[in-house]
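Chains as they are written, first to last, in our numbering: chain A, 1 to 102; chain B, 1001 to 1378.
Don't read these hints as lab results, they were simulated from the structure. Fair warning: there could be bad hints in the mix.
[As the list claims (entries may be wrong)] Distance condition first, Cα-Cα at most 25 angstroms in a straight line; then the derived DMTMM-like pairs of lysine to aspartate or glutamate:
#1 Lys1375(B) x Glu1339(B)
#2 Lys1019(B) x Glu40(A)
#3 Lys69(A) x Asp1035(B)
#4 Lys1196(B) x Asp1088(B)
#5 Lys1049(B) x Glu40(A)
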Amino acid sequence: MDAQLKRGLIEACILKLLLRGDSYGYQLVREAQEVLSISESTLYPVLRRLETAGALTVYTMEHNGRLRKYYAITDDGRQKIDDFLSEWEDVMKVYDFIRRDA
Amino acid sequence: MMTREQFLNDLSAALSGMKEEEREGVVSYYAEMIDDRMEAGMSEEAAVKAMEPVQVIAGRVLEEAGMGETKEKPKEKGNWQEITRPADAVQMLRIQAENKRVRITSDEETDQISLRYCIGDNDIFRLHEDEGVLTLEHKLRPINSFVNERGSDSFSLESILSGIGKFIAGLGERVVNGGMFSYEAPENEIEITVPKTFAARLEAATSNARILAEDITFAQAVKLTTSNAFIQAENVNCAQQLTCTTSNSRIVMNDVNVDGARLSTSNGRITLDDMIVRGGLTAVNSNGSIKISDCQIGGALNATTSNGAIEVAESACPELTLKTSNGSIGGTLKGKREEYTVVSRTSNGSNQLGSFGEGEKKLTAITSNASITLKFAE
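Please model the complete structure; the sequences and the hints are all you need to start from.
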């Protein structure tokens, strides 16, 4: 898949998963893998980018005697999901057009 | 087997080029990934094995880190190039392009020549420098080599998706540029910026795209060539000859002061306004008009077209030859009737000018199937 396209899809997926509630790395990888193929090394820069863009915030909490990073979606992140969906309405129109029998 | 600690140490070492803080971020992220797997019931060995090899991770993280930096400073879309050279090191600037618009303008602050252009997927640019001649050559990739390069995956899902990605990116761009169909993509332009007075010769040739020259004084000859698109010069001085050649479009000169000019097109119009030509001016067109207003021409004016009118308004010239067919010749010339020797003729049209006089200035006006109404301002 085109790298640029995939990056956009992963970002949107991660934000969608965070919409369900705050989450941590391992859980995000497992859940995202149900929809698309993603590894830890792909997820890491995505999380960093979303954090830099203000789409999510990071906080650390103790879990079983160790520290774990949690990610929480922001209002900007919610807006990004809306943007993604409306952008893809246009894409789907093109998709339908290409798919349609001649 | 590789332990958790070994893995994390190796990873940290592989990321040694990164800032400490960022490196620790990555290492603690992977520590957490392993810990969470072990907590879910995996053995340490299995949890470490579930990770990608250290080199793969490091490669990706380092690559992304580079991208992350450019993300923060949003740069312009496309692969932009800017080439600058000290203007006094260039005796001649030559542009040879295909389907690229050319814009030549000046900057009072600079003593550099700057060439700015965007390299698209189909563009091949080459820069040559040889004894003061700076040449920027641009070619479009031939269509078959483009297909070959893409090979059999031209219609793969991947390339279609990538196309859709570019399409979306394009949507945004076009909106920014003021409407879907305005076609104002600066990516399609070679922008040349030179000092206010440009000492070198200039030859710019392109095709199917317009050429604009604005606010410059050229100390040497200028040659602008394109096709199927217009050439326009505004507030331009040229101490030598200005040559403009195009086809199927117009040539427009406004506030232009040159030593001599040769302007040639077809199926377009030639419009010259507020022009001073110390020597001769030749304007050649076909199937289009020639309009010369508020111009002072020191040498001979030769205006030739067909199927179009020639109009001279408030202009002065000691030797005019105006030839067309199926188009009228009209307007006003500065000067008195007695100053001219006039030869004019038409067929199937009225001739209000006639042939007369023995003045020093010469006027020849020839057309057919149309009238001649040229007058003197007196």
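Here is what the structure says about each hint:
Taking the CA atoms of Lys1375(B) and Glu1339(B), the gap is about 13 angstroms. The hint holds against a cut of 25 angstroms. For the hint linking Lys1019(B) to Glu40(A), the alpha-carbon distance of about 20 angstroms falls within 25 angstroms, and the restraint holds. About 12 angstroms separates the Cα atoms of Lys69(A) and Asp1035(B), which keeps this hinted pair within 25 angstroms; it holds. The suggested pairing of Lys1196(B) with Asp1088(B) holds, with an alpha-carbon distance near 13 angstroms, which does not exceed 25 angstroms.
The suggested pairing of Lys1049(B) with Glu40(A) holds, with an alpha-carbon distance near 13 angstroms, which does not exceed 25 angstroms.
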